[in-house]
Structures are given as structure tokens and as C-alpha cells.
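Novice: Below, each chain spelled out in residue letters.
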Amino acid sequence: EPEVTQTPSHQVTQMGQEVILRCVPISNHLYFYWYRQILGQKVEFLVSFYNNEISEKSEIFDDQFSVERPDGSNFTLKIRSTKLEDSAMYFCASSGGEFNEQFFGPGTRLTVL
Amino acid sequence: AQSVAQPEDQVNVAEGNPLTVKCTYSVSGNPYLFWYVQYPNRGLQFLLKYITGDNLVKGSYGFEAEFNKSQTSFHLKKPSALVSDSALYFCAVREMGGGNKLTFGTGTQLKVEL
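So the sequences go chain by chain: U and V.
Taking the working numbering, the leading residue of the first sequence gets 25, the next gets one more, and so forth.
Taking the working numbering, the leading residue of the second sequence gets 559, the next gets one more, and so forth.
Note that these hints are calculated values from the structure, not bench results.
Incorrect hints may have been included.
Unchecked claim - If the Cβ cut is set under 7 angstroms, some of the chain V residues that face chain U in the computed set are:
no., residue
1, SER561
2, VAL571
3, TYR597
4, GLY601
5, LYS607
6, LYS627
7, GLY655
8, ASN658
9, LYS659
10, PHE662
Given the structure is predicted, the values throughout are model-derived calculations rather than measurements.
In this text, a Cβ means the ideal position worked out from N, Cα and C, and glycines have one as well.
Kindly generate the complete structure, drawing on both the sequences and the hints.
Specialist: And the structure:
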């Protein structure tokens with residue numbers, strides 16, 4: 025069964041450093057998303073991406089964040105200058121259509137020291 | 559703005575008994591409703607969804623959910639719980655015509671005991 029994959033599973037970084045989280049969505053999906061879950065809190069939407077552009081973003085997704093689909097398979101989330109409060113589990117998701125369910129990857133746990 | 563409430567942080571049930579995990583939602587228009595399950599150190603797994611049609615929807619692993627428009631609820635149910643159902647369950651909503659983002663509830667920890 026096809027699945028969303030994410031790398032790395034755990035990323036530790038120093039405050040102020042840039043990180044890139046990588047995702048490989050399900051191959052025939054067209055809609056891509058990033059969510060995050062701070063420990064003990066609910067899953068929060070960050071951004072959705074379709075047709076090589078951001079279709080929607082939340083208030084959390086400020087200028088420090090960016091997304092890219094550099095090739096036909098990867099979907100990345102970049103945090104330019106990490107802050108302590110960026111520590112969270114980051115989930116990538118993809119869906120085959122606008123109204124289809126979203127399939128989530130296993131997540132990348134980001135720890136900012 | 560869309561929102562989801564899961565009033566119970568934890569639900570305990572004996573194996574073989576029916577289980578219910580509660581969810582209520584708030585949207586301006588018509589909702590799309592979803593249930594996801596999260597096992598430890600795993601991502602969110604899709605269980606079932608309501609888009610339109612029958613109010614009772616069936617999903618994976620014997621789970622079902624009932625959409626109740628008047629009560630704005632979408633409770634998850636299973637007739638006979640298994641110990642392996644123990645996990646964290648999330649209800650989510652998106653609003654028809656309101657973009658693709660899912661808004662999640664805070665999650666309900668289900669514990670099924672022998």
C-alpha cells in the first residue's frame with residue numbers, strides 16, 4: 025500500500041539554524057500539506073500546496089517558513105532560523121483530490137536547543 | 559472559523575464492550591468530517607470520513623461514525639472493542655468551500671483493557 029514517507033525521523037538543531045524537513049508524498053497525489061503537533065497539544069495546520077504554489081497557510085506559517093517541491097517526488101518544509109518554540113512533530117500529508125482524505129506520514133520530530 | 563471539540567481526554571472500556579469516542583464540530587457551512595487514529599511514534603492513520611449521504615459511515619477496523627447535523631456531532635463507535643484499538647483518536651473537520659485544511663480536536667486516548 026502506498027504511503028507518505030518523511031526524513032529524518034528526528035532532527036536536533038541549535039536555535040537560529042536552518043532546517044529542511046523532507047517528505048515524499050504518495051506518487052499520484054496532487055495536494056500536499058504540512059501540519060505540526062507540539063508535545064501534548066493538538067495537530068495544527070501549517071500550509072497546503074497545489075500546482076506548485078501555496079494554496080492556503082495558517083498564521084503560524086510566517087516568513088521563517090517556506091515549502092518547495094524541488095522535483096517530481098519530494099516536498100520540503102524549510103525553517104530559516106529555528107526558535108525554541110518550533111520544537112514539535114511535523115507531519116507531511118498528501119491527498120489525491122481536493123475533497124479526498126489526507127494521508128499522513130510518520131512525522132519528523134524537531135528538537136530546537 | 560471551524561473548530562472541533564473532543565470532550566473526553568481518555569475513554570476506558572473493557573475488551574468486547576462497545577466503545578464511543580465523542581466529537582462535536584462547528585463550521586459556518588456544511589462540514590466534511592474525519593476520524594484519524596495515532597499509535598505511539600506513528601503518524602495519523604485515516605479511519606473514516608463523512609462527506610455527504612448516509613449519516614452512518616463505516617471505516618477501517620470495524621469502526622463507524624454517525625453524523626448528526628442537529629447536534630453537530632460525529633461520534634466514533636465500534637460494537638466490540640479490542641485491546642489493539644488502544645490509541646489516540648482525533649476528530650477533524652474541514653468546511654465545504656473553506657479550503658483544504660483540516661482542523662483537529664485535541665484527541666481522545668482510548669484504553670481497552672482485558
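Novice: Which hint numbers doesn't this structure obey?
Specialist: Violated: hints 1, 2, 3, 6 and 7.
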